[in-house]
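Residue numbers (my numbering), protein chains in the order written: chain A, 15 to 377; chain B, 15 to 377; chain C, 15 to 377; chain D, 15 to 377.
Don't read these hints as lab results, they were simulated from the structure.
Hints are not guaranteed to be accurate.
When chains are identical, the list treats them as one kind, so a pair holds in a single copy or across two.
[What the hints assert, rightly or not] Subject to a maximum C-alpha distance of 27 Å in a straight line, what follows is the list of computed DSSO-like cross-link-like pairs (lysine-lysine): (1) LYS149 <-> LYS366; (2) LYS19 <-> LYS235; (3) LYS107 <-> LYS285; (4) LYS342 <-> LYS366; (5) LYS342 <-> LYS356; (6) LYS19 <-> LYS366; (7) LYS342 <-> LYS285; (8) LYS19 <-> LYS149; (9) LYS285 <-> LYS18; (10) LYS258 <-> LYS107.
Number of protein chains: 4
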Amino acid sequence: MSGKKRRIALNTGGGDCPGLNAVIRAVVKRCVLQLEWEVIGIRDSFDGLIGPRMDLLELTPDVVAGGLTRGGTLLGSTNRGNPFDFDPTGEGKGQDLSGLVVERLNSLGCDGLIALGGDGTMAICNDLSERTGLKVIGVPKTIDNDLLGTDITFGFNSAVEFATLAVDRLHTTAESHHRVMVVEVMGRDAGFIALHAGVGGGADAILIPEVPFELSKVAEKILDRQVRGRHFSIVVVAEGAREKGGEQIHDGLAASGKTRLGGIGRYVADKLHRTTGIDARYTVLGHLQRGGIPTAFDRILATRLGNHAVDLAVDDMWNRLVVMRANKITDIPLADAVDATKSVSLDCDLVKAARGVGIVFGD
Amino acid sequence: MSGKKRRIALNTGGGDCPGLNAVIRAVVKRCVLQLEWEVIGIRDSFDGLIGPRMDLLELTPDVVAGGLTRGGTLLGSTNRGNPFDFDPTGEGKGQDLSGLVVERLNSLGCDGLIALGGDGTMAICNDLSERTGLKVIGVPKTIDNDLLGTDITFGFNSAVEFATLAVDRLHTTAESHHRVMVVEVMGRDAGFIALHAGVGGGADAILIPEVPFELSKVAEKILDRQVRGRHFSIVVVAEGAREKGGEQIHDGLAASGKTRLGGIGRYVADKLHRTTGIDARYTVLGHLQRGGIPTAFDRILATRLGNHAVDLAVDDMWNRLVVMRANKITDIPLADAVDATKSVSLDCDLVKAARGVGIVFGD
Amino acid sequence: MSGKKRRIALNTGGGDCPGLNAVIRAVVKRCVLQLEWEVIGIRDSFDGLIGPRMDLLELTPDVVAGGLTRGGTLLGSTNRGNPFDFDPTGEGKGQDLSGLVVERLNSLGCDGLIALGGDGTMAICNDLSERTGLKVIGVPKTIDNDLLGTDITFGFNSAVEFATLAVDRLHTTAESHHRVMVVEVMGRDAGFIALHAGVGGGADAILIPEVPFELSKVAEKILDRQVRGRHFSIVVVAEGAREKGGEQIHDGLAASGKTRLGGIGRYVADKLHRTTGIDARYTVLGHLQRGGIPTAFDRILATRLGNHAVDLAVDDMWNRLVVMRANKITDIPLADAVDATKSVSLDCDLVKAARGVGIVFGD
Amino acid sequence: MSGKKRRIALNTGGGDCPGLNAVIRAVVKRCVLQLEWEVIGIRDSFDGLIGPRMDLLELTPDVVAGGLTRGGTLLGSTNRGNPFDFDPTGEGKGQDLSGLVVERLNSLGCDGLIALGGDGTMAICNDLSERTGLKVIGVPKTIDNDLLGTDITFGFNSAVEFATLAVDRLHTTAESHHRVMVVEVMGRDAGFIALHAGVGGGADAILIPEVPFELSKVAEKILDRQVRGRHFSIVVVAEGAREKGGEQIHDGLAASGKTRLGGIGRYVADKLHRTTGIDARYTVLGHLQRGGIPTAFDRILATRLGNHAVDLAVDDMWNRLVVMRANKITDIPLADAVDATKSVSLDCDLVKAARGVGIVFGD
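The shape of chain A in the complex, shown without the other chains:
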């Protein structure tokens, strides 16, 4: 290394997701302890690099200690730091500071950037690599599991385990009080969390964005159960689910600049109450799904992804995305991951199994 240590940068962008710190820890332990590189953490996505003042944190083994069990990200995160339209205070006066990214990384002596983020962050990284020559390795982060290039993303398992636990808790109340309980979970565009938590939690109906639903079909199921002596039902609904012929309630609210809990959950509960005459209540899991200690599954997955990201840096393989395919960690071109979301396929065996145990999707 001729006296000069190799140095890479790392940042995290987008929403909170269990396992971010575990990826960071794996990158740092490998780089610092095995390879004797240095890792420079950039705070708050790109803000800490190109914002009014640099905000960096040298990532040492001490800094990442305990990272396996810590939710959130020790580097902070934000959705507003797009370098092509940089507007960290959200005042609507964005500037194109994309050139600064490579310039500053160079001045810091960093060979490249390991970026942890969602599809938004990955699209930005891909643009930066194409337009400014940034050398970047992406680690995909989406709690919704809706990225096409990878079988699974870290954070998803933690979210599903918590959502299932929540359904478990609602079960006893529903049963004791002869109620319909509607649980609204994450998933604006894809129903993976709803599908998994619904099957895991023993729901009677699962409503997902992929299947515009008719509530009459759900009501029928609830009344069928009534006849068989089951005076309660559980409905899991993804925030992005919508009625056949209807609009996404969530998007409507978001568009108006106001977020109100329980758009679709409340709608479904109210309508099922009217239709069936059975008392119906709703609960919105919201941010509870994003936080907390990652499951072992996600810690392990995150460690594998982080280690592979360093493998790529060692081999000077840039502009790649680290992914999981058929239980193996591998990588694909970053460009392939942009705009490549996936949805629940109604032909998959999990949907068939769900129908097999009697769960209705409202179709």
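With chain A's structure known, arrange chains B, C and D on it following the hints.
Just chains B, C and D now, kept in the frame of chain A:
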């Protein structure tokens, strides 16, 4: 016993609460296995006794097996079954069927009734004992811990542990995204859950019904933290909390016949966002607090309460309420528990400790 | 179906494993509610079918209700009921009652058997199908995840999550008291649980049957950490791990007819204490890993497996084993699964990632 | 304060216990943020003060952040640092360095010491106060809950919740395999953990040091259950329990300088197996009970205790122990706590309730 087994009845009324099945189990194991009595369970509060058709369940050790870990109540519950104004279908045509309670218990050969329920149920039981001669032993059930006669009620510990876990989960998101997170917990009239979960979860502000709050004081705390480099804050708010000079938002909604999640939580988040300029989100724990597997604490408390209820029946001590005082199980006259709610005292050492670690109450 | 319902039998064999009841529930809900078949449960592996008295349980939706969250198996299980050497009381006077299996299933009107079990049970089922014409569909159950034909088995994820949680708990004690903590986990022949819980829990060394270890290498790692100011270490050891040149301690004990907790765990702790001079303690997770509520992951996997088993029965495809390959449920010939155990490959990316974060295997 | 900040010292001694960091956090937040004092942490009990080199840590709000959810102690702990017989390396050449304690605290400008520790630490502190004039405030720490002066100690609730969860996990295995499961929990001299976890977990027998047991009574209970169709049983045994006329197995092992897991647990399992003919297994919870994230209950209790300790320092009330009595935090003379252990009283209502649900104690 001259060939005829002694027999008692048992029912559960009011909202779901972790530990109900553990009380039932303790009563049944003691009565059936130790005393060779029979226990007749009445389903759905008083509905199973005086409703259109009797709905009973003999409570044997087999039926209550596993009761320690099962949330809800195996007997079902309802808030509509007041025998003095009996209206099980909620159509507003209540009848006074109070006389039927004793009549039917007699015809079933039951000496008396062990009733598990909240203050509503206990008031009804007291009226029944005074007006119709019902022999009843009450076991108090309020997840809110707001009954004056007892130091603590079962279910409260389970609710606090879950609410604290929820605050833990929100912490990491708040910290990563530099946000204010507002968590709305149960407590219409008393702030015990908010106070305990707020201290246990490390909140920065706790808003409770006992202390009409000024949000400017909370905003000040949040901005103080900002200055000290803590770019996030957690606010725990009881559903019944209200602004100084304002009305209870929850009650207003309830009065209008609509329940919407996050009345006060949403209000607090919106106003703090406007005042501080910091992104603020809210989460409503709602029914998640009532369900699930009881903590060991509640299972143990429930077992002690159930066993003492049988002690009273053995001694033919009726019209008593089983309570916990200074770590001992004892009993008080049922009449003493009616209308005897308690509130958080601002002089208690927990509130002082909360202030000691810097938590503000908005006063 | 001309008036006669189709009927299948189901049993569970071998050790306890989280998710057994979830498989049973899926089979029953599909068969009874969707197909209008009947499912006859046989208690205690084959004992309930060919034992001194038949012990059967009709599996209705009521019987399997709550099966997602219930550990163990509602049918009971045993390791002693091999029909070719039937010796249910373990007195060593086995008889060949294999012919009775088909005979009795026929007399019960069952088309075939869905058998949930480990490799022992699957070998027996395969023999029964080859020698007696039994029509059987196997669902593999091994908490150790060491079956070659499938990517993963249900129960494994639950075991790993618990073992990781246990490592988390030991971490704080190790750190506070400057100790080496040795955790012995399941895995006589394969180190999957140790590997996963070790990576998930942030262990410093992982000892598995696949890699005969030298404790000097582990001691070196511990002392390296000491130098870097980390005065504690965590070692996860599979029960079947052994020293280079040594014997499996576990097997030795088992052979002598005595099982004593902590054969290898205790050995490792004692020797590391002597070598490093650092206080070392051990903990044996034992049966804690087998029990408890299954994770959502295992409930979902179990539901998919159960549903596919019924698919095979619908299509009259017998003597198949239901497996998971590349995230899809499929099936293979039962004969292929016999004697087909798998081990941790040292080339897999998880082992590489473990080494990447500095974990030593003692090789 | 005339320009000079008041300063106090704080240390932790004895075994790991959930809630230690929560006490430290409460002391520091109150002292530093409310009172503008300084808090000097001494590492590893008294070692960091009087050892070969001082090892101190200024305790700021940053240092204690996250302390509510962190197990262990951030200051480290040891059982070997008795200043009257100072032998930190355990070589048996102890020196009396007690005079150094006050001397060094004075030279650091500390008014006094807040000491968190068990009865050993409290006895040392009392001796120091009597012989050297140390000004000390004690906060009692015993996971076993066996201190006479206080109704409950922090850490106990966390240990009981975990032990109960463990019993829950073993239940399903016991039931599926028709086994006796013996669980050995902490408690050398007092059976509080065994009693609480046994009642909470639904054990059939609880063996505690306070009641020398006859295993024939336990076997009788197990066989009674057999007759009633319950083919499994759970026995919770405290590590210090002993047979009528027998010796404490644990102490015997400890005396010989070897600790082996499952002294009494293994003994009980082996003997019950021989007596009843039913398969019996044992599990030792060991260090798992000490670690992990504290429950909300313990975090709250710890916060109250820590805040009261500062109250005493504010009022210059030294040589006091902070305790909980009848749900209120108060304090008693430190001297009163020395040699004041408490045991389970067989007359308490919890033991009666345990017997009420059919649990046997072997008496």
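Which of the stated hints cannot be reconciled with the structure, identified by number in ascending sequence? 7, 9, 10
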